[in-house]
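A.B. asks: Taking the hints as your guide, dock the two standalone chains into a single complex.
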Amino acid sequence: MNIEKLKSAHKLLCEYKYELGKIEKGYTNRTLYINVGDNTISEKPVTQLMKDKFIGGKGFGLYYLWHAVTPKTKWNDPENEIVIGSGPIGGITQYPGAGKSLVCSISPLTGMPIDSNVGGYFGPLLKFSGFDALELQGKADKDVIIFIDGNKGTITIEEAPEEAIDSHVLGEQLTEMYAENEEDKRNISVVSAGSAANHAYMGLLNFTFYDVRRKQIRLKQAGRGGIGTVFRDKHIKALVIRFAGVKGNLNNADDQGKINRTGIKLHKEIHDFDAQQCRMRQVGTANIIEVMDQYDLLPTHNYKFGAHPDTHKISSKVFTGMITQNTPDGCWYGCSLSCAKAVDHFELRTGPYKGQKVIVDGPEYENAAGLGSNCGIFDPHDVLELNFYCDTYAIDTISYGTMTAFVMECYENGIINKEITGGLELNFGNADASLEMLHQMARGEGFGKLAGLGVRNLKRIFAEQYGGDPVFLNDIGMEQKGLEFSEYMPKESLAQQGGYGLTNKGPQHDEAWLIFMDMVNNQIPTFEDKAEALHYFPMFRTWFGLNGLCKLPWNDIIPASNKHSNEPAKIPEHVQNYVDIFNGVTGKNIDKEQLIVQSERVYNFQRIFNIRMGYGKRIHDAIPYRAMGPVTVEEYLSRADRYDGQLKELVGFNPEGKTTEEKMAALRSYREDQYQKLTDAVYKRRGWTMDGVPTIEHLQAIGMDLPEVIEVVKNHL
Amino acid sequence: MKVLKRKPELCIACHACESACSNTWFKEDNADKSCIKIKEEANKNVILSCTQCGECISICQVEAISRDKNGIVRINKNACVGCFMCVGFCPELAMFMHDEYIEPFKCVACGQCAKQCPTNAIYIEQE
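Residue numbers (the working numbering), protein chains in the order written: chain R, 22 to 738; chain L, 189 to 315.
For reference, chain L alone in the conformation it holds in the complex (with noise of 0.2 Å):
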């Protein structure tokens, strides 16, 4: 399955990543509402981002999470409760919220992030 890599040592914060993502997703150029994060920390920079691990799918109370045939893990946001107990729970911290929204999102690994980046600090990889 298709997995989107992190580097974060190569990481140069300058958050295309951040852009494309949310312009892929909600059309517009908000970090907020990217389903990738780049935290700046002192001396570091950290990348949060959704490794498709399924913890979520086990904690989600009305099987709204799934993996699908690609191993992808999905949000049904039909199926969603906008409880984000996901939110709280993602050992990555890579399922987020927004205040426009009442589901969820997260990470699908489609790429577009990675293509944006200068320094091969994110890559999709076939595991």
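Here chain R stands alone, though its shape is the one from the complex (with noise of 0.2 Å):
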């Protein structure tokens, strides 16, 4: 690697220096604004507004994103903006989960706003540099390079030519060059995306840290929604900071001992209880592969099915033994939750980078099942260099994986052939395929080309230029708004497919995850527990995102309090928990209802910024019926017994001497009411109309009834 080469190849566009700022309760007060089309760099005062609507991160993302774009503004348009910032918890070393950057932009997968959550460096070490957000607007004619030095406050945009564009090679170029030694690596976050974010509009952007007991990157995903394929679309090759000092204290708390001592009671939880609750430290969200399965929620060829006897072979015990351990694998100081796993020395045997050893991020549980099940693939070798291929590649894995599944079913039925597919045989197991196409998508080639444009495309592709059935299409492509199906199996829990269908973002469960609620522990049985459930969680779940927060430390390690608790699904310990390390680092004194009316503020504020794209309201809120039931008669042949039950019981429908096809209408027309009456409660519960849309006297009780939004919403009332 000659970096010195690389760096000489420079062409410097623009330098700004600033005054390096000071951190007051979370906040610096300023945010950065970067325009890679004329050059320009500002810096823009946190209002007081802002901080009190909006509270940081998620929020001012969204903010700032709807005063960049127009209701005509489209994700390639050089208005459209790529936001990034943390929030006024983040970067606090003590808490678990508190170096999280959230960013948003137009989407080009939904077409609207996206928000997505992500570890490694950069949002604190942003903060700390001075900033509360950075806002990138414009585009570069070439490739660019912006470097924030938060130590001696400049600010760079250079032409980049010649570094890679793939992540794991780029991060640690970058890494390398902008150190001033060895011991300033922990110092450097990059921002970056990958060769297949410039064709396909999945791509994500990565955030690196410096791992200093393995001395390699280390890489987290903004996974969701296409953000690495604007970042490309700017001809951004990198964002790079450097800041070098950072303590437990820099966000200059109101009360440090509170937060110290919140976090140390969390550390000695994690420390008591994880080895026998979740295992996070151990094997990460991959504890949950046969878990799922065991229920019948891990997604298999497409959702058709929720268990393989297969799945035993990528099992949590299975990448237990890959992944290399002995190592805190957390994306920030002080989580010791730390799930952040990798399996090192792991050599690829496809693509560019064949035959080369490396290290691979993950295996998360989405990427074994999106990657893995949801494909019929079973072969953990074979979800690793997935896994990896998609990580430097920059393409969300839960994306692809939901993509391909489609793809493969698509395949099966004869939708599509070989012909069409360039000669891949995508037939559900086919690793090979699958990892061909994933190529082919960062080639800019063939049948992944095409592919990488996502569901939602291809179905109508499918439909229009190979005489593919639309209903079928429409029923089998799990994707909704755009956004492709996160990896659980929403069929049995009227609740989940809320939770995936009644989101401001499209089908991603980090609203609400609610399927052991409903399904197992039937703890929401009527339509108003479910819609109460489909209001607290999604409202409290938006907290993390408005603070930098991550969520798996609130309900991934279960305090010994809990089994006493009225609420034990809420957690309500680790509730107070957040409350105190909010007043803590910004000397507010809010309470846990307070927290959830800022949650509501920023989450209707993004409904009605849905609307006012286009999107947003009660059409938009549909879910393919494979998502609510059985498509195929092999489907409802598989859980023959479980549904002619429910028809029984349920439906009031006697299957005997019925054909297969007579009990799935009446199953199907049963399920699809279920959802219309669960929308219905949802809305009301939300303060909405039945059309989905939020009242103004909903928005004057939460205090989100700002000129701009009411302007909005009153023209669909």
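The set of hints was computed from the structure by calculation and includes no laboratory data. Honestly, I wouldn't trust all of these hints.
As the list claims (entries may be wrong) - Result set (SDA-like, lysine to any residue): computed pairs, CA atoms no more than 20 Å apart in a straight line:
1) R/Lys286 x L/Cys298
2) R/Lys289 x L/Glu243
3) L/Lys265 x L/Gly242
4) R/Lys289 x L/Lys195
5) R/Lys236 x L/Val250
6) L/Lys195 x L/Glu229
7) R/Lys286 x L/Leu281
8) R/Lys26 x R/Glu183
9) R/Lys268 x L/Glu251
10) R/Lys378 x R/Phe367
To be verified - Now the in silico label distances, taken between C-beta atoms and shown as ranges:
11) R/Lys43 x L/Asp217: 34 to 42 Å
12) L/Ile245 x R/Lys173: 50 to 58 Å
13) R/Lys32 x L/Lys190: 58 to 66 Å
14) L/Asp217 x R/Gln298: 38 to 46 Å
Said to hold, decoys possible - Only part of the chain L face toward chain R is listed, based on derived beta-carbon distances under 8 Å:
15) Cys202
16) Phe272
17) Val275
Note that the coordinates shown come from a computational prediction; the quantities given were computed from them, not determined experimentally. Idealized CB from N, CA, C, for every residue including glycine.
C.D. replies: This is how it looks when you write it as structure tokens:
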């Protein structure tokens, strides 16, 4: 790696000097604006309104994005922005999961705002360098790198023609280039995409942190919604930040002791209980692979089924043996939950890096399920190879997995064939075909390039160009609002159908994961119970994104107090921890109810932002029938006893003597009606009209009645 | 290596050790700033102090904790980012935090407390 040669090819386009900031109670009170189209850099003050109504992180991102775009803005228009920020709590080192960056942009997949929550050091280092958020706007002519030196107070935009595009190489190159020495590497974080983000709509952003034990960079992904595609469309090769001097008190918190004590309490819980509970420290999110299979929730063969006899081949036990341990794998300082696993020295068998030994960040549960079981792929090495290439090429593993599963089902149904796929035999289980499709995506060639457009576009293309039945394609194409479903089987949990469908950005389980509460524990039997859960949990979880936090330390470790709690699903002790650290940082005095209102404001703002962009109504909250019930005879017959039983007990339909088609139609009618009734109940609970539009009265009640918001809403009431 | 050893059955909870420690390291008589703590429980006294087991070394994400040439586990305050994971993960509950400091502190077996112990409930031993 000849760093000097790479660097000497740089051409300085712009240099900006700024006064180093001071953080007060979690805020620098300043944000950074960079336009790569005209190479301008400026600073903006954070207003009291922004802090009161939008808190930070995703709130600031959506606020800036709203003011940057018009209802006509497309993802690849220069005015579209990528906004990155942490949040007032972000950057504390005492409470696990407090180093997240939130990234917002208009999505190529959905055409409306997307937000993605990512680890790595960039967000906290941005704040310590003096800025609560960074707006990127404009489009550069040639590939550029933006470098922020948070110790010197300089920002440069540099033309950078020779560095790699793929993240695992580029991250190492830039860490080497901008660190002053080996010791300084931990002070660098790089944000980059990869070669497939040049072509596919499901491009992601990798955020690095330097693993001081492995002496290598690690990659964390802002995966969902194609923000990496926007990044490459702007011809940004990378953002690099350097800040030396991280300490535990840089947020200048109002009550550091309170934060320390709350953090230590959770560290102790994790120490005492994690090994018996989720084993996050041992194997990370992959701990649930076989659990999902056991409950018929692990998507297999494009969500046809929830379990597979071969799941044991990609179980957490298998991955435990492959991931390299004995290192605390937190993606920000102080995360004792440490879910960020890695496989070292993994030898690649395909693609441009074939034969090389690389580090694979993962596998996460979603990768094993999406790249693996959902595509019928049950070789752990194949899952890791796909995981690696998705990451370095900058492809969202969830969208890729769900899209590939869809394409495989289309292939097996003859909607597409070898001629159309250019020879790829996309049967379920063909890992070689999946890998080749991914490499094509990175090269911008063949069927892989087409596949990169995502399920929504493929449904249309398969119907229009290849004669596919649009009804069937809509039934089996697991996307909503343009975003591919994440990797849980929602068929048997009505609440989770709502958890996926009644969301702002699309079917991603970061708003609500209610399957166990609903299906397994039967804690929310009525529509009103489900609606309450589909109010509370999305609001509660939204709050993590306002503050620069990770969701996992909330309920992937359970305190001893929980079994005596009235509302165990909420983990009340941990909710109080969040109230305490928020108040500890900001000096405010919120309680758990006000925490929910903080989220409600931003959540409704995002809903209205969707409406402003032409989406966000009831029609957009519909979900494909594959998410609700059996689309095919094969699916019905595979769980015939269950479905026959439900027809008798719930639908009042006697299945005896009926054909499978008749039974399927009766079940479908019932389940679709249930979803509509749930939608009614949820809209009512959220203060929306039956068309899904927030009412002015509700916006006034929660304090989100900003003039620009009311202006949009009033045209839809 | 030197280690502070404990015989809690001899402890009379006079707390002289805590005074000695906090005076030695923080120049004030304040049990909250002591690297040894005496907990008075119903029927017994518990002595919390570091055994130099080194569990915290692998816990520390920034390699701020290491064993010195004499075998004593020490914290490099310059490298420490104040996450206090080591406090929550210490099997002896002998890594401490005080609101006035952003780094944890622990016993380095200096022996000042043992000198003040009237019952030899704590003593320095060479292992």
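A.B. asks: All hints, please: hold or fail.
C.D. replies: Here is how each hint holds up against the structure:
Taking the CA atoms of lysine 286 of chain R and cysteine 298 of chain L, the gap is near 29 Å; set against the 20 Å cutoff, the hint is violated. Only pairs whose Cα atoms come within 20 Å are accepted, and lysine 289 of chain R paired with glutamate 243 of chain L is accepted, the gap being roughly 14 Å. A threshold of 20 Å between alpha carbons decides the hint, and for lysine 265 of chain L with glycine 242 of chain L the separation of about 17 Å falls inside it, so the pair holds. Between lysine 289 of chain R and lysine 195 of chain L the alpha-carbon distance is near 26 Å, which puts this suggested pair outside the 20 Å criterion.
Of the supplied pair hints, the one linking lysine 236 of chain R and valine 250 of chain L holds, its CA atoms being roughly 12 Å apart against a limit of 20 Å. Using a Cα cut-off of 20 Å, the hinted pair lysine 195 of chain L and glutamate 229 of chain L holds, with the two alpha carbons roughly 15 Å apart. Between the alpha carbons of lysine 286 of chain R and leucine 281 of chain L the distance comes to roughly 12 Å, so the proposed pair stays at or under 20 Å and holds. For the hint pairing lysine 26 of chain R with glutamate 183 of chain R, the CA-to-CA distance comes to about 9 Å; that is within 20 Å, so the pair holds.
Between lysine 268 of chain R and glutamate 251 of chain L the alpha-carbon distance is near 14 Å, which keeps this suggested pair within the 20 Å criterion. For the hint linking lysine 378 of chain R to phenylalanine 367 of chain R, the alpha-carbon distance of about 5 Å falls within 20 Å, and the restraint holds. Hint check: lysine 43 of chain R to aspartate 217 of chain L, Cβ distance near 35 Å, so the stated range 34 to 42 Å holds. Checking the proposed 50 to 58 Å range against isoleucine 245 of chain L and lysine 173 of chain R shows it is violated: the Cβ atoms sit about 34 Å from each other.
Hint check: lysine 32 of chain R to lysine 190 of chain L, Cβ distance near 60 Å, so the stated range 58 to 66 Å holds. Separated by about 42 Å at the C-beta atoms, aspartate 217 of chain L and glutamine 298 of chain R satisfy the suggested range of 38 to 46 Å. Taken as an interface hint, cysteine 202 of chain L does not check out: its beta carbon lies about 27 Å from the nearest beta carbon of chain R, beyond 8 Å. Taken as an interface hint, phenylalanine 272 of chain L checks out: its beta carbon lies about 5 Å from the nearest beta carbon of chain R, inside 8 Å.
Checking valine 275 of chain L against chain R by beta carbon gives a least distance of about 5 Å; that is within 8 Å, so the hint holds.
Figure legend: structure checked against the earlier numbered hints; hints not met, in rising order: 1, 4, 12, 15.
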